[in-house]
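Model the full structure from these sequences, guided by the hints.
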Amino acid sequence: MTLWRALSNTVAAALRDRGLVILFVAAIPVYSFFYPLPYATQSVRDIPLVVVDLDASPMSRDIVSRLSAVAAIRNGGNASSIDEASGALAAGEIAGIVVVPQNFSRDAMRGTPTAVTVFGTGAYPVQDSAVLGSVGAVVQSVAGEVTGARMAHQGAPAAALLQSARAGPAFIDQPLYNLARGYGSYVVAAVGILIVQQVMLMAIASLVGTWLEGRAGTLFGAQTVGLSALVGTIAGFAFFVFLALLYFIGFVFWFQDYPRGGNLAGAVAFSALTALTVGSLGVALGAWFADRERALQVLLVTSVPFLFMGGIVFPREAMPAPINALAMLVPTTPGIFGFVKLNQMGATWSEIRPEFLNMTVLLLLYATLAAWAVHWRRKVATE
Amino acid sequence: MATTGLRAVVSRELRYLGRQPWDLALLLWFPAATLALMLWLFSAGIPTGLPIAVVDEDHGSASRDLIRRMASMRGLAITAQPASLEAAQPLVRSGSVYGIVHIPLNWERDRLRNAPQPVVLYDNAQFSLVAGIIGGDVRTAVTSMVVERAVAGEARFGGGLAQAAVRLNGVRADLRTLFNPALSYEAYLAGMLLPVMLHLFCVVAAVSALGHEFRDRSVDAWLATAGGSLSRALVGKLAPVLLVYLLFALLMVATFAGWRGWTPAGSLVLWVAAIAVLMIVSVAVAVMLVGITINLRLALSLTGIYVATGLAFSGFSFPRAAMGPAAQWWGALLPYTFYLPVQQGQWLGGASASAWAHGMAPLLTFIVVPLLVGLPLLGRAVRQPQRWGGR
Numbered sequence: 000m001t002l003w004r005a006l007s008n009t010v011a012a013a014l015r016d017r018g019l020v021i022l023f024v025a026a027i028p029v030y031s032f033f034y035p036l037p038y039a040t041q042s043v044r045d046i047p048l049v050v051v052d053l054d055a056s057p058m059s060r061d062i063v064s065r066l067s068a069v070a071a072i073r074n075g076g077n078a079s080s081i082d083e084a085s086g087a088l089a090a091g092e093i094a095g096i097v098v099v100p101q102n103f104s105r106d107a108m109r110g111t112p113t114a115v116t117v118f119g120t121g122a123y124p125v126q127d128s129a130v131l132g133s134v135g136a137v138v139q140s141v142a143g144e145v146t147g148a149r150m151a152h153q154g155a156p157a158a159a160l161l162q163s164a165r166a167g168p169a170f171i172d173q174p175l176y177n178l179a180r181g182y183g184s185y186v187v188a189a190v191g192i193l194i195v196q197q198v199m200l201m202a203i204a205s206l207v208g209t210w211l212e213g214r215a216g217t218l219f220g221a222q223t224v225g226l227s228a229l230v231g232t233i234a235g236f237a238f239f240v241f242l243a244l245l246y247f248i249g250f251v252f253w254f255q256d257y258p259r260g261g262n263l264a265g266a267v268a269f270s271a272l273t274a275l276t277v278g279s280l281g282v283a284l285g286a287w288f289a290d291r292e293r294a295l296q297v298l299l300v301t302s303v304p305f306l307f308m309g310g311i312v313f314p315r316e317a318m319p320a321p322i323n324a325l326a327m328l329v330p331t332t333p334g335i336f337g338f339v340k341l342n343q344m345g346a347t348w349s350e351i352r353p354e355f356l357n358m359t360v361l362l363l364l365y366a367t368l369a370a371w372a373v374h375w376r377r378k379v380a381t382e
Numbered sequence: 000m001a002t003t004g005l006r007a008v009v010s011r012e013l014r015y016l017g018r019q020p021w022d023l024a025l026l027l028w029f030p031a032a033t034l035a036l037m038l039w040l041f042s043a044g045i046p047t048g049l050p051i052a053v054v055d056e057d058h059g060s061a062s063r064d065l066i067r068r069m070a071s072m073r074g075l076a077i078t079a080q081p082a083s084l085e086a087a088q089p090l091v092r093s094g095s096v097y098g099i100v101h102i103p104l105n106w107e108r109d110r111l112r113n114a115p116q117p118v119v120l121y122d123n124a125q126f127s128l129v130a131g132i133i134g135g136d137v138r139t140a141v142t143s144m145v146v147e148r149a150v151a152g153e154a155r156f157g158g159g160l161a162q163a164a165v166r167l168n169g170v171r172a173d174l175r176t177l178f179n180p181a182l183s184y185e186a187y188l189a190g191m192l193l194p195v196m197l198h199l200f201c202v203v204a205a206v207s208a209l210g211h212e213f214r215d216r217s218v219d220a221w222l223a224t225a226g227g228s229l230s231r232a233l234v235g236k237l238a239p240v241l242l243v244y245l246l247f248a249l250l251m252v253a254t255f256a257g258w259r260g261w262t263p264a265g266s267l268v269l270w271v272a273a274i275a276v277l278m279i280v281s282v283a284v285a286v287m288l289v290g291i292t293i294n295l296r297l298a299l300s301l302t303g304i305y306v307a308t309g310l311a312f313s314g315f316s317f318p319r320a321a322m323g324p325a326a327q328w329w330g331a332l333l334p335y336t337f338y339l340p341v342q343q344g345q346w347l348g349g350a351s352a353s354a355w356a357h358g359m360a361p362l363l364t365f366i367v368v369p370l371l372v373g374l375p376l377l378g379r380a381v382r383q384p385q386r387w388g389g390r
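Going down the list, the protein sequences come from chains W and F. Per numbering that gives the first Met the number 0, the first sequence starts with residue 0, numbered consecutively. Per numbering that gives the first Met the number 0, the second sequence starts with residue 0, numbered consecutively.
No wet-lab data here; the hints were simulated from the structure. Beta carbons are placed, not taken as given, at the ideal position from N, Cα and C, and that holds for glycine. One or more of the hints may lead you astray.
Reference excerpt, derived from the structure (chain F facing chain W, CB under 8 Å, subset only) [stated by the list, open to error]:
no. : residue
1   : 21
2   : 93
3   : 138
4   : 180
5   : 258
6   : 320
7   : 324
8   : 351
Shown next as C-alpha cells:
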C-alpha cells in the first residue's frame, strides 16, 4: 500500500466509523467550550467573608465599607463574635473572618498598637490568599492614613507628610505573559493541549483496536503492511491531531481571549511534530489494547496525573526526580511546556530546544513501538 | 456451590476478572499505582528553591543585602545574575527561571534622598502557583528591608528603635490562615485529587463491569446466574467493585490521617462515611450511564464528560462563587462538588456534625436519582436483545 493510499484510507476510516467520528471531529470543539466555562470570569471574585466588628466606630465602619468595594470578596454578613462565625468557616460556607477589635479606633488614634485580625482557610488555598491579600491591602491603606494624621497632629512638617503620602510602592509584582493573572489564561492554555492528546489517543487507539478485532483497516487487513502503510496510517491519524491543535491555538485562544500568537510559525511547526507523536502513540496503544473500548477505560483516568506530572501546575523542582523522568514519556509534558512557551510566552525556536528534543525522541520511540506492536500482532494472528 | 443466586453472580464476576487481566488491572492495580504516584508527586509538600534571576543595576551594599535576604527565602533560588533586563528575558522564555527581580540603578541613593524607586519582580504568570510563591517570598524580603529602614528613620524623632517600631506599626493587619496553616500542597492537592480520582476509577470500573455484558451479548447468561432477578444480578455484579473501592477509600483516609499525620480536625468516622457514600454514588452513576446508553463505549464517553470534568467545576481551586451562572449550574449537577466541602470540613476545618449532615443530604440524592433513572432503563434493555451488542 502506498503512503498516500494508507493516509487517505485512514482518514476515510476515521470519518466512516459512526461511533468514533464523534471523538475524531466533534469532541474537541465541545470540550473547547465546555472545559473553560468555570474559568470564564478569569479572576477570583465574590468570595464570602464575615465581619465581626467589636469596635462599632466610624473608623471600623469605614474599613467595612472599603472591604465591600473589593471585587475579590463579598461581605457575607456580620457576626457579634468570632465563635458565631467560626462554624461557617470550618464548614467552608465562608472563606474568611475579619475581626475589628474593641477600642480599635481609640487605640489607632492614640498610637497604642492594635490590629485587624483576618482569618482565612487553608482548606481552600486560592480563597485563602484572596481573602488575606485583599483585606490586608485595605487595612494597610487605613493604617497609612491613621499614621499620617497622627504624625501631623504631633507636629510633623506637612511637606514631609505629603512626600511620604505620594511615595510610590517599594515593591511591584509585575506579571509577564498572562498580564491580568487570568486563571483561565493559565489553566486552559495547559489543559487545552492535554484535552487534544487525550481525546485523540482515545479515538486513534479505539479505531486501531477495532481494526485488530475485525482484521481490517490499513494495518490489520489481508494485505502486507510495509513501512509506507505504517507511516501513511500514522500521518492520517496525525492529520486529525494537527487540526485539533491548530483549532486550539488559532481559534480557542482567540475566541476565549487568552494570551496567544507569541510565535505562531513555531507553534504550527511544533503542532506538526506533536501530532505525529500522538498519532504514533495512538497506534502503539491501539495495537497493544486490541480492543475497541479499552482505550477509553485506560485513558479517562490518566488525564489528572498527566496534567500534574507536566509540571505547569505543580513545579518540577518540587517533584521527585523519578516522576520527572517518567513524565518525559508522556507527550503532554514537552507538549504543554512547548506550546505555552510558543503561544503565550513568545519563545523562539531555540528557547524550546529541550521540549523539541524530548518530543522528537518520543516520536522516534513511539513510531518504533507502533511498528513493533503492529508486526507482533500480525505475527500472532497468522500463527 | 449454588448455580444461581447472589453468590453465583459474585463468583461469575470473579471468574470473569480472573480470565480478563485487563479488567482486573483496571479494577485494582491501575488505581493503586496511580494513587501512589500522585501521593509521591506531592510528597515535597511545599515547593522550595524555585529558580529566579536577579538584575542588580545598583551594585551597592544595600542591593547586595537584599540579594542575600532573597537567597535566604525558602521558596527562592537565585540561579542567574544577568547584567540587564534584556539579557534576563530569554531566561524566562526558555523556562530556566520563573521570574526576574530588578533592582534599579541608584536604588539606594534615591531612597536616601527620600524619592525611593521600587524593586520590580517580573514573574511568569503562566505558572500561577509558582508565581504566587515567588511573589510572596520576594515581597517578604523587600518588605523586611523597607520596614527596618523606616524604623531606623523614624527613630530620629526619639524613643529608640522599639518606640519607633510601635509608632510605625500602630495599626496592623494580622493575617492568619486556619486549617492547614502551612498551606501544604500535599494536603491541598493530593487531598482533593485522590478522592476525585477514586470516584472516577470507581465509575469506570462499574461502567465496564456492567457495560461489557451488553457489548458481549451475555446479558442472558448473567441474568440466568442471578435466577432471573435483575436486582440480584446488579448487586452481585457491583458488590465486588464497590467493596474494592471502599477499601481504597479507607486506605486513602488511613494514609492522610495516619501515615502522613494529618489528624482530622472533625470526625474521622464522618469523613469515612462521606467518602463511602461517594463510592456508592459512583456505582449508582454507573448504573445510570449504562442504562441511558446500553453501550459500553458511549457510557465511557459520558463518564468523560460527566465525571472526569467534575474537578474543574467543583471549586477545588478556582472558587465556585467566582464562576459564571452556567458553570455554577453544571457544578451543582456533579456529586464531587458536594463531597468536597464535606471532606474539607471534617478533615481540615473541624466542622460540626450538623454541618456534615447538611452537606451529606445533597450527596445522597446522587444515589437516589441516578438509580431512579438507570434501573427502569436497564430493566427494559435486558428484555430487548436487539439492543445488545452495540459498539
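Quiz item: When the hints from earlier in the document are held up against this structure, which numbers fail?
Solution: Structure breaks hints 5, 7.
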